[in-house]
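There are 2 protein chains.
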Amino acid sequence: MKYLVLIVFGFMTLGLHGQSDADYLKTIYKNSLINGQSYQWLDYLSNQIGGRLSGSLNAELAVEYTKSELENLGLDRVWLQPVMVPKWVRGNPEFAYIETAPGKTIAVNICALGGSVATSVQGLKAEVIEVQGIDELKLLDRSQVEGKIVFFNRPMQADLILTFEAYGGCVDQRYSGAGAGKLGAVAMIVRSMNLRLDDLPHTGSMSYGDTPVSERIPSSAISTNDAEMLSGMLKIDSSLKLYLKQNCRQLEDVLSYNVIGEITGSQFPNEIITVGGHLDSWDLGDGSHDDGAGCVQSMDVLRLLKISGIQPKRTIRVVLFMNEENGLRGGNAYAKEATQKGENHIFALESDSGGFTPRGFTFDGPDYKVDQILRWKPLFEPYLIHYFKKGGSGADIGPLKNSTNVLAGLRPDSQRYFDHHHAANDTFDAVNKRELELGAATMTSLIYLVDKYGLNANQSKLKD
Amino acid sequence: MKYLVLIVFGFMTLGLHGQSDADYLKTIYKNSLINGQSYQWLDYLSNQIGGRLSGSLNAELAVEYTKSELENLGLDRVWLQPVMVPKWVRGNPEFAYIETAPGKTIAVNICALGGSVATSVQGLKAEVIEVQGIDELKLLDRSQVEGKIVFFNRPMQADLILTFEAYGGCVDQRYSGAGAGKLGAVAMIVRSMNLRLDDLPHTGSMSYGDTPVSERIPSSAISTNDAEMLSGMLKIDSSLKLYLKQNCRQLEDVLSYNVIGEITGSQFPNEIITVGGHLDSWDLGDGSHDDGAGCVQSMDVLRLLKISGIQPKRTIRVVLFMNEENGLRGGNAYAKEATQKGENHIFALESDSGGFTPRGFTFDGPDYKVDQILRWKPLFEPYLIHYFKKGGSGADIGPLKNSTNVLAGLRPDSQRYFDHHHAANDTFDAVNKRELELGAATMTSLIYLVDKYGLNANQSKLKD
Numbered sequence: 027m028k029y030l031v032l033i034v035f036g037f038m039t040l041g042l043h044g045q046s047d048a049d050y051l052k053t054i055y056k057n058s059l060i061n062g063q064s065y066q067w068l069d070y071l072s073n074q075i076g077g078r079l080s081g082s083l084n085a086e087l088a089v090e091y092t093k094s095e096l097e098n099l100g101l102d103r104v105w106l107q108p109v110m111v112p113k114w115v116r117g118n119p120e121f122a123y124i125e126t127a128p129g130k131t132i133a134v135n136i137c138a139l140g141g142s143v144a145t146s147v148q149g150l151k152a153e154v155i156e157v158q159g160i161d162e163l164k165l166l167d168r169s170q171v172e173g174k175i176v177f178f179n180r181p182m183q184a185d186l187i188l189t190f191e192a193y194g195g196c197v198d199q200r201y202s203g204a205g206a207g208k209l210g211a212v213a214m215i216v217r218s219m220n221l222r223l224d225d226l227p228h229t230g231s232m233s234y235g236d237t238p239v240s241e242r243i244p245s246s247a248i249s250t251n252d253a254e255m256l257s258g259m260l261k262i263d264s265s266l267k268l269y270l271k272q273n274c275r276q277l278e279d280v281l282s283y284n285v286i287g288e289i290t291g292s293q294f295p296n297e298i299i300t301v302g303g304h305l306d307s308w309d310l311g312d313g314s315h316d317d318g319a320g321c322v323q324s325m326d327v328l329r330l331l332k333i334s335g336i337q338p339k340r341t342i343r344v345v346l347f348m349n350e351e352n353g354l355r356g357g358n359a360y361a362k363e364a365t366q367k368g369e370n371h372i373f374a375l376e377s378d379s380g381g382f383t384p385r386g387f388t389f390d391g392p393d394y395k396v397d398q399i400l401r402w403k404p405l406f407e408p409y410l411i412h413y414f415k416k417g418g419s420g421a422d423i424g425p426l427k428n429s430t431n432v433l434a435g436l437r438p439d440s441q442r443y444f445d446h447h448h449a450a451n452d453t454f455d456a457v458n459k460r461e462l463e464l465g466a467a468t469m470t471s472l473i474y475l476v477d478k479y480g481l482n483a484n485q486s487k488l489k490d
Numbered sequence: 027m028k029y030l031v032l033i034v035f036g037f038m039t040l041g042l043h044g045q046s047d048a049d050y051l052k053t054i055y056k057n058s059l060i061n062g063q064s065y066q067w068l069d070y071l072s073n074q075i076g077g078r079l080s081g082s083l084n085a086e087l088a089v090e091y092t093k094s095e096l097e098n099l100g101l102d103r104v105w106l107q108p109v110m111v112p113k114w115v116r117g118n119p120e121f122a123y124i125e126t127a128p129g130k131t132i133a134v135n136i137c138a139l140g141g142s143v144a145t146s147v148q149g150l151k152a153e154v155i156e157v158q159g160i161d162e163l164k165l166l167d168r169s170q171v172e173g174k175i176v177f178f179n180r181p182m183q184a185d186l187i188l189t190f191e192a193y194g195g196c197v198d199q200r201y202s203g204a205g206a207g208k209l210g211a212v213a214m215i216v217r218s219m220n221l222r223l224d225d226l227p228h229t230g231s232m233s234y235g236d237t238p239v240s241e242r243i244p245s246s247a248i249s250t251n252d253a254e255m256l257s258g259m260l261k262i263d264s265s266l267k268l269y270l271k272q273n274c275r276q277l278e279d280v281l282s283y284n285v286i287g288e289i290t291g292s293q294f295p296n297e298i299i300t301v302g303g304h305l306d307s308w309d310l311g312d313g314s315h316d317d318g319a320g321c322v323q324s325m326d327v328l329r330l331l332k333i334s335g336i337q338p339k340r341t342i343r344v345v346l347f348m349n350e351e352n353g354l355r356g357g358n359a360y361a362k363e364a365t366q367k368g369e370n371h372i373f374a375l376e377s378d379s380g381g382f383t384p385r386g387f388t389f390d391g392p393d394y395k396v397d398q399i400l401r402w403k404p405l406f407e408p409y410l411i412h413y414f415k416k417g418g419s420g421a422d423i424g425p426l427k428n429s430t431n432v433l434a435g436l437r438p439d440s441q442r443y444f445d446h447h448h449a450a451n452d453t454f455d456a457v458n459k460r461e462l463e464l465g466a467a468t469m470t471s472l473i474y475l476v477d478k479y480g481l482n483a484n485q486s487k488l489k490d
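Taken in sequence, the protein lines are chains W and L.
In terms of our numbering, the first sequence has 168 at position 142, counting the first letter as 1, and numbering is strictly consecutive.
In terms of our numbering, the second sequence has 71 at position 45, counting the first letter as 1, and numbering is strictly consecutive.
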């Protein structure tokens with residue numbers, strides 16, 4: 027009922043005909059900042075449900091909640107797409123300490139990496155060998171590694187302006203570091219992917235590659251403060267020991283869902299424009315930035331189009347992908363079914379870089395189509411959206427890529443993202459309402475333009 | 027000693043000759059993000075000293091600390107400029123409640139506005155009349171206002187992208203609302219200048235204009251949540267009463283100081299480039315964003331020039347102004363002495379909009395000089411600095427304006443600024459290290475270019 031009132035209000039006061047594109051963008055931004063729904067949705071997702079690890083009860087509650095909310099919007103279709111997902115569980119809180127002599131210990135903050143095996147119930151204690159990355163590990167002999175815990179301690183590069191580049195320069199340690207088991211390591215720990223010094227360990231996905239189950243070693247992240255301390259202590263006493271205990275487990279795959287809703291296009295219903303984020307999150311925080319923000323923004327794209335009086339020509343589809351964090355099963359399943367059905371996905375936009383002030387987009391597609399989009403940039407200038415570049419899009423929509431479509435990623439300000447990423451402080455209070463709403467409006471504006479003009483160099487004239 | 031090492035390191039590794047402007051900017055940003063000092067200075071200013079209201083002990087401690095730190099940088103001159111400042115004290119915490127019937131009360135969060143008189147020691151209790159601004163008050167008869175508390179409740183306009191514009195559209199209620207005393211009001215309260223709903227009252231300066239002392243009324247701010255509640259309750263019961271108690275006082279002016287340091291220009295020492303922020307703050311928080319951030323960034327401009335191997339041609343002067351918040355005495359005194367001495371201030375830059383991710387600058391000066399600066403914009407693109415506009419500069423440097431110089435203001439992202447402005451949550455934890463350091467680097471880069479080329483249309487060729 028609440029939505030009905032909003033929709034009528036929107037059509038009556040702000041969605042009048044005869045408006046220029048600039049007028050429509052103004053209406054969209056105004057509606058998001060004054061009548062946005064994204065923040066209230068995120069409040070529920072974060073504070074009433076919480077962290078939504080694939081296969082967890084919370085993930086299923088989030089599926090039910092967002093499906094119900096999409097149904098309340100009066101879309102043309104809302105449905106669930108089944109997908110089998112991995113179910114990894116953390117178990118009891120992890121425990122670790124540095125031991126410099128029998129009985130002389132200092133507790134450190136660690137967390138198991140997603141997908142890691144447990145230690146034995148007694149935990150394990152071993153000497154530590156510090157390396158600055160995978161390449162440095164490769165230079166070591168088995169004799170230097172065997173029986174030890176390998177400690178990957180290359181920090182994120184602070185002088186890179188785009189923090190995702192700094193992440194990209196380090197995350198191989200986390201993802202592939204367990205390969206140290208092949209050299210006889212008994213465990214691996216990795217410095218948290220965090221640009222600041224604090225006490226929070228940051229989890230994230232890891233892989234054992236082709237390592238046989240029997241040779242897989244426990245893998246965890248250590249907070250940046252404790253990584254610094256451990257590194258400093260190792261310089262003084264290379265024979266100190268680290269004790270680790272974790273009892274995480276990989277269970278059988280379970281059934282879960284992508285949550286999908288659409289407004290069917292009035293003129294070109296077979297041309298599909300997808301917008302989405304991922305509904306699953308890690309379990310330490312409540313997944314507000316990663317990626318509750320992207321989900322609620324994507325949901326609000328369809329609602330903002332409606333209350334701004336925009337009737338899409340093409341089909342606009344919101345997809346809340348399941349299992350981006352540790353499997354990408356939702357993204358793969360969505361693209362597979364789209365291919366099987368011969369669906370024509372002309373454009374897809376993902377928001378999975380946090381709910382911070384939007385700065386622009388990156389685009390992946392044929393040059394002439396990206397060039398068409400770049401010509402819309404001046405329309406965004408009043409909203410301080412200036413970053414339109416060729417580049418990556420998003421993990422979930424990646425499988426949709428073909429030779430003709432355009433994939434895009436929302437690019438918010440990235441400075442604070444890795445303060446929260448995959449850690450216990452990725453929580454609702456770290457999201458600013460206006461920043462979230464500006465992101466939703468920016469996404470809606472781009473979707474509006476792609477829908478109106480299509481992606482074809484010959485149709486790219488702006489009317490104002 | 028620490029600085030000496032850094033300086034030598036800077037000259038040796040990053041300040042080599044033969045670099046392009048792009049190279050110098052890269053060095054400056056790298057030094058700020060890797061070897062910046064601004065965050066550590068702010069930590070001390072915020073956590074070891076705290077809120078620095080003009081005339082307070084903390085303000086004097088801040089003068090001593092920053093002078094000492096500037097001296098440690100090995101500048102050519104460091105000095106204090108005496109200035110008499112107002113001394114207003116808050117006294118005991120304020121107390122207020124809504125009374126709907128005898129004994130039925132609900133506490134609300136208020137704080138006295140800076141410069142307000144106290145209530146009597148018993149406090150005051152009166153009916154409330156709500157208005158949406160000064161203009162609406164002017165439409166009322168004395169009979170509607172007399173004996174009542176005037177409640178100014180116009181919210182900041184949420185759909186403006188630049189939040190300072192929304193502030194500008196409301197702050198007259200806070201600054202001039204006490205004029206309601208002339209219509210017989212017994213007190214005024216104003217909705218806090220805050221774009222979000224929370225429980226924190228936001229203080230700020232107010233003026234009684236030409237109102238005689240005997241007719242001045244107590245003036246305070248109420249939190250946005252409580253403003254909403256009070257407004258809602260008034261719609262149900264217009265005869266409810268509000269109780270207020272505050273015992274703030276205006277004391278005699280006291281002696282304080284602007285803190286100034288400079289690197290004397292090697293070629294044009296009489297051409298002065300000033301960079302600054304204001305050292306005083308309000309008393310509720312610790313003044314980290316307003317304007318501890320601007321002070322430490324300005325201090326780091328001179329340090330970053332040094333460690334980046336840049337020997338300025340012109341005189342670069344950092345000024346930490348005293349008393350921006352409730353008097354502007356420091357800014358006025360600085361400009362007055364500059365005029366008396368016949369100093370040639372060719373350019374001044376102020377950072378007083380928070381320590382958030384920098385987006386660019388606004389410039390106030392002759393078109394041909396501003397046009398010269400705008401041509402440097404591409405150099406800033408790698409750092410996502412895109413906002414170069416004509417506009418205001420800063421309150422403290424405003425008095426330096428003449429027909430030939432250029433004044434500039436750093437423009438950080440403004441979305442979160444008014445969540446903290448003048449409230450108890452303007453604290454160190456709300457400042458992100460990288461965002462602060464990016465601001466310092468952006469300021470340093472602009473100062474570097476102004477120093478290198480001067481501000482003259484004929485000297486504006488870029489060498490790279």
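Calculated from the structure, these hints are not laboratory results.
Please read all numbers here as calculations on a predicted model, not as lab measurements.
All residues carry an ideal CB built from backbone N, CA and C; glycine is no exception.
Errors might be hidden in some of the hints.
[Said to hold, decoys possible] Cross-link-like lysine to any residue pairs, in silico, SDA-like; alpha carbons within 25 Å at most:
(1) W:Lys267 x W:Val280
(2) W:Lys415 x L:Trp402
(3) W:Lys415 x L:Asp49
[Stated by the list, open to error] From chain W, some residues computed to sit far from chain L (all C-beta separations above 12 Å):
(4) Gly100
(5) Ile124
(6) Lys130
(7) Val147
(8) Lys151
(9) Ile160
(10) Gly173
(11) Val239
(12) Glu241
(13) Gly258
(14) Leu260
(15) Lys261
(16) Asp263
(17) Tyr269
(18) Asp279
(19) Asn296
[Claimed, not checked] Over 10 Å on every C-beta distance to chain L, these chain W residues come out as not near it, computed from the model:
(20) Ala144
(21) Asn251
(22) Glu254
(23) Ser292
(24) Gln337
(25) Leu464
Verification of the hints:
no.	hint	verdict
1	W:Lys267 x W:Val280	38 Å, violated
2	W:Lys415 x L:Trp402	21 Å, holds
3	W:Lys415 x L:Asp49	23 Å, holds
4	Gly100	24 Å, holds
5	Ile124	26 Å, holds
6	Lys130	31 Å, holds
7	Val147	39 Å, holds
8	Lys151	35 Å, holds
9	Ile160	23 Å, holds
10	Gly173	36 Å, holds
11	Val239	41 Å, holds
12	Glu241	39 Å, holds
13	Gly258	18 Å, holds
14	Leu260	23 Å, holds
15	Lys261	20 Å, holds
16	Asp263	27 Å, holds
17	Tyr269	32 Å, holds
18	Asp279	39 Å, holds
19	Asn296	36 Å, holds
20	Ala144	35 Å, holds
21	Asn251	14 Å, holds
22	Glu254	15 Å, holds
23	Ser292	28 Å, holds
24	Gln337	23 Å, holds
25	Leu464	7 Å, violated
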